[in-house]
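Produce the entire structure from the sequences given, and follow the hints as far as they go.
Same order as they appear, the protein sequences are chains C, L, D and F. Mapping the first sequence onto my numbering, position 5 (from 1) lands on 5, and the numbers just tick up by one. Mapping the second sequence onto my numbering, position 144 (from 1) lands on 144, and the numbers just tick up by one. Mapping the third sequence onto my numbering, position 102 (from 1) lands on 102, and the numbers just tick up by one. Mapping the fourth sequence onto my numbering, position 179 (from 1) lands on 179, and the numbers just tick up by one.
Hint data in this document are derived by calculation from the structure and do not stem from the laboratory. Glycine included, C-beta positions come from ideal geometry on N, C-alpha and C. There may be inaccurate statements among the hints.
The list that follows gives simulated cross-link-like pairs (lysine-lysine, DSS-like), each with its CA atoms no further than 27 Å apart [stated by the list, open to error]:
| # | chain 1 | residue 1 | chain 2 | residue 2 |
| --- | --- | --- | --- | --- |
| 1 | F | Lys156 | C | Lys82 |
| 2 | D | Lys127 | L | Lys136 |
| 3 | D | Lys127 | L | Lys75 |
| 4 | D | Lys220 | L | Lys82 |
| 5 | F | Lys127 | C | Lys136 |
| 6 | L | Lys82 | D | Lys78 |
| 7 | C | Lys223 | C | Lys136 |
| 8 | D | Lys78 | D | Lys145 |
| 9 | D | Lys156 | L | Lys136 |
| 10 | L | Lys223 | D | Lys78 |
| 11 | F | Lys145 | F | Lys127 |
| 12 | F | Lys145 | C | Lys136 |
| 13 | D | Lys78 | L | Lys75 |
| 14 | L | Lys136 | C | Lys136 |
| 15 | C | Lys75 | F | Lys145 |
| 16 | L | Lys82 | D | Lys127 |
| 17 | C | Lys82 | F | Lys127 |
| 18 | D | Lys220 | D | Lys156 |
Derived list of chain C stretches under chain D, where covered just means 3 residues or more per stretch with a C-beta under 8 Å from a C-beta of chain D [as the list claims (entries may be wrong)]:
| # | region |
| --- | --- |
| 19 | 18-28 |
| 20 | 64-75 |
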Amino acid sequence: MRMIDKRVPSAAEAVADIADGSSIMVGGFGEAGSPIELIHALIDQGASDLTIISNNAGSGEVGLAALFKERRVSKVICSFPKTLNSTVFPELYREGFTELELVPQGTLAERIRAGGAGVPAFYTPTAVGTPLAEGKELRVLNGREYLLEFGLRADYTLIKGLIADTHGNVLYNKTARNFAPIMATAADVTIVQAAQVAEPGAIDPETVVTPGIFVDRVVEVAKPAHESELIAAGVCYP
Amino acid sequence: MRMIDKRVPSAAEAVADIADGSSIMVGGFGEAGSPIELIHALIDQGASDLTIISNNAGSGEVGLAALFKERRVSKVICSFPKTLNSTVFPELYREGFTELELVPQGTLAERIRAGGAGVPAFYTPTAVGTPLAEGKELRVLNGREYLLEFGLRADYTLIKGLIADTHGNVLYNKTARNFAPIMATAADVTIVQAAQVAEPGAIDPETVVTPGIFVDRVVEVAKPAHESELIAAGVCYP
Amino acid sequence: MKQQTETIGWTREEMAQRLAQDIPNGSYVNLGIGIPELVARFVPEGRTFIYHTENGLLGMGPSPAEGAGDPELINAGKRHVTANLGAAYFHHADSFAMIRGGHLDLSVLGAMQIAQNGDLANWSTGKADAIPAVGGAMDLVAGVKQVFVITQHCTKAGEPKLVEACSYPLTGQGVVDRIYSDLAVIDVTPDGFRVVALCPGVDFETVQERTGAPLLPAQK
Amino acid sequence: MKQQTETIGWTREEMAQRLAQDIPNGSYVNLGIGIPELVARFVPEGRTFIYHTENGLLGMGPSPAEGAGDPELINAGKRHVTANLGAAYFHHADSFAMIRGGHLDLSVLGAMQIAQNGDLANWSTGKADAIPAVGGAMDLVAGVKQVFVITQHCTKAGEPKLVEACSYPLTGQGVVDRIYSDLAVIDVTPDGFRVVALCPGVDFETVQERTGAPLLPAQK
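Here it is, written out as structure tokens:
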């Protein structure tokens, strides 16, 4: 008898309870690590007025960009909303439909890590003296200026792994790892799509990247799509 | 031709330049992960007036405890200086020879991580309302009280790995990992003793725990001693 | 008094077993050193708990056979342990990120004193000649979702451990949710200590006599 | 002016090669998007540089053969790359801990403007209709030990990029150490811009003409 089993049968069931107005961290740096099948399930599910926390704002009209295009995202917190083939977000931003909180990439990563680690705020040298310091507390420590930045959390995290086990331990593939391990720690509900879901013991405890304690739901997506391939094939979702 | 090679031929050469008055982070939680051979080389080397940053203060009269016993340590920053068989530090502390900065274990870990990550200070809920909050800045954020804690760095870090490569990538053994990966990031010079030193490529890039950028010197100690075994054998170093 | 506490009340094992019954299936649990460690022996049928040890292991298993221990596989009490299937090793900052970040469901700790407002003292007598040592206790009480204390109701000298205000240095303020003693299970509520269950054969008045603060009776 | 900048000065490849000569063996280097990426083609004989890409790879290798790319092995510019022997993957917080914590030896960046006090502007024109995007540039200039800028000396419109004070929004204050342009190698010193080397065939006066702040001559 398996007493801990975080598997969910489908991406649709994994995202079924995401309500309007939710904040959602979405893994990925460009297309690497983007949990496209979970995002598409979220598009099908219909939740709107979402706040998305992700490094980029999607490309083409699939995955994250498709979620924007469906006008489901009222705010995005990210470091680099412009990407190759990124046309959807710029339009929504200029129109004033989607608000942008621009955060330096390292500050974004550290804010997410802090949110997951119970650190409410920290000081950083990044962005001192720039427009992104406006409105932020400036403090001199050991003779250098730093900004106060706050931990960031979300209601949900959607990420993509390579292998997960039923306890929620996750391994990633190469640079698809990027934001996923820290985002897994910083949401009330963390949902992982993995190409393979295995029994406990399949992953060497020495090599676990995301320990299962951070993961709530695991769904197997055996052959995940890649954004660039969908775009090359002319796919627009839905 | 190997153009990057961080190997040093012996523990003695690895610690040769540590000067009197240096601050040194020492890995290990109890005996697990304690770099005994590097510590013994440091004892032989003679540096004194050291500040040691380590979770414990050693057991018996080997390793860290032997360094204390030789009266080389003027200050220790740690969370738990009392351990089974720990008699050396209590005497030096009561005598007033060695100063103690007591830090909650999680705050110690986070301060070290911050020191290595360029974060000069952060807020934490740990120790609010306790004697360990005395003299620290208290701040209310989102309705809860937090203490300001500062990043911690050292001149040197001494740690023990299982396998290292010549670029300085390191794998650890089970719970001997503990403080080593964060201490590796927080010192000007990080010195690793490893049971095996291999060529680049021997460690899968997906499983690297400490990337080589954090490591300055690697020395092979093929059969490292365990504190409990030395104590059971009645060893007192030197 | 001493003789009485030996002849009435739950044994340490019974206290641990009683506590284990209140842990939901799938919980992530950190067990402190001493009586808390006994809880691991009493996992109720049909449940799995995942044990965290702050020195870098999730999925900690039972002690190995005598002589089969690995000095590099230990728990926070520095005893030899094992790793279950599905375990994970990680470094100390990640381990305390789990603790401080509210990812653990339950911390089970021993106590020197518990105040009626939930204050806990369990790390120092505050005596001048004591070697202070705190370990991870302050982090655990600050970060873990629920904190259960498991303790004898009174000290060996017969002094109550449940008090109006702690006289020893605090580990944390208002952090204890529930106390499992040899005499009773007691919640810390906004109104103070409230008895949840009495040990069979022990009456409310007996527990009140040995408690340094007012007790509220169990709610119907 | 435009015609002149095309006919004199180093090519982009020569600029990159000149910069690469100044990187010591064993350096940990982050290369920005654009001209900085060219530096990787010119590692001097007898040296090894270890390239960091902020999306989680240390030991980044050259681009794979056409068609052999892995969409999950990319650099910060989102191009396909490879991993060398001795490489390591890590997550974004660890990657920027390397950057912010001062572990990288060198960051090579492009620029829109560099002021004589070392201020750098390279992320936004500040125009109202621009989509702001900053990426990791502010983290790199705040944390990496040395910051080299590699850039054309003037904009396509012939405006100087080396100026007394930046008019564009800053990436960081006083962060640039050295500039490699098509005309010269120039240090940012406490006294302002100082020429380190001139491109063969380009004289000091020509460079000064195309620079929006006073230039100091090379020190003997």
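Against the structure, the hints:
1. For the proposed pair lysine 156(F) and lysine 82(C), the alpha carbon gap of about 22 Å is at most 27 Å, so the pair holds.
2. Taking the CA atoms of lysine 127(D) and lysine 136(L), the gap is near 22 Å; set against the 27 Å cutoff, the hint holds.
3. Under the criterion of a C-alpha separation no larger than 27 Å, the hint pairing lysine 127(D) with lysine 75(L) is consistent with the structure, at around 21 Å.
4. Proposed proximity of lysine 220(D) and lysine 82(L) is contradicted: the alpha carbons are some 46 Å apart, above 27 Å.
5. About 22 Å separates the Cα atoms of lysine 127(F) and lysine 136(C), which keeps this hinted pair within 27 Å; it holds.
6. For the hint linking lysine 82(L) to lysine 78(D), the alpha-carbon distance of about 12 Å falls within 27 Å, and the restraint holds.
7. Between the alpha carbons of lysine 223(C) and lysine 136(C) the distance comes to roughly 44 Å, so the proposed pair goes past 27 Å and is violated.
8. The straight-line distance between the Cα atoms of lysine 78(D) and lysine 145(D) is roughly 25 Å, inside the 27 Å bound, and the hint therefore holds.
9. The suggested pairing of lysine 156(D) with lysine 136(L) is violated, with an alpha-carbon distance near 36 Å, which exceeds 27 Å.
10. Our distance criterion of 27 Å between C-alpha atoms is met by lysine 223(L) and lysine 78(D), whose separation comes to about 22 Å.
11. Annotation: proposed proximity of lysine 145(F) to lysine 127(F) is violated, straight-line Cα distance about 31 Å (limit 27 Å).
12. A distance of roughly 25 Å separates the Cα atoms of lysine 145(F) and lysine 136(C); the hinted pair therefore holds under the 27 Å criterion.
13. Our distance criterion of 27 Å between C-alpha atoms is met by lysine 78(D) and lysine 75(L), whose separation comes to about 24 Å.
14. Pair hint lysine 136(L) plus lysine 136(C) holds up; C-alpha atoms about 22 Å apart against a cutoff of 27 Å.
15. For the proposed pair lysine 75(C) and lysine 145(F), the alpha carbon gap of about 35 Å is over 27 Å, so the pair is violated.
16. Pair hint lysine 82(L) plus lysine 127(D) holds up; C-alpha atoms about 15 Å apart against a cutoff of 27 Å.
17. Restraint check for lysine 82(C) and lysine 127(F): satisfied, since their Cα atoms lie roughly 15 Å apart, inside the 27 Å limit.
18. Between lysine 220(D) and lysine 156(D) the CA atoms are separated by roughly 33 Å; this puts the pair beyond 27 Å, and the hint is violated.
19. Counting residues of the region 18-28 of chain C whose CB lies closer than 8 Å to any CB of chain D gives 0, so the stated coverage by that chain is violated, three being the minimum.
20. Judged by the Cβ-Cβ criterion of 8 Å, the region 64-75 of chain C is not covered by chain D as claimed, because only 0 of its residues qualify and three are needed.
Going through the hint list in order, the structure does not satisfy hints 4, 7, 9, 11, 15, 18, 19, 20.
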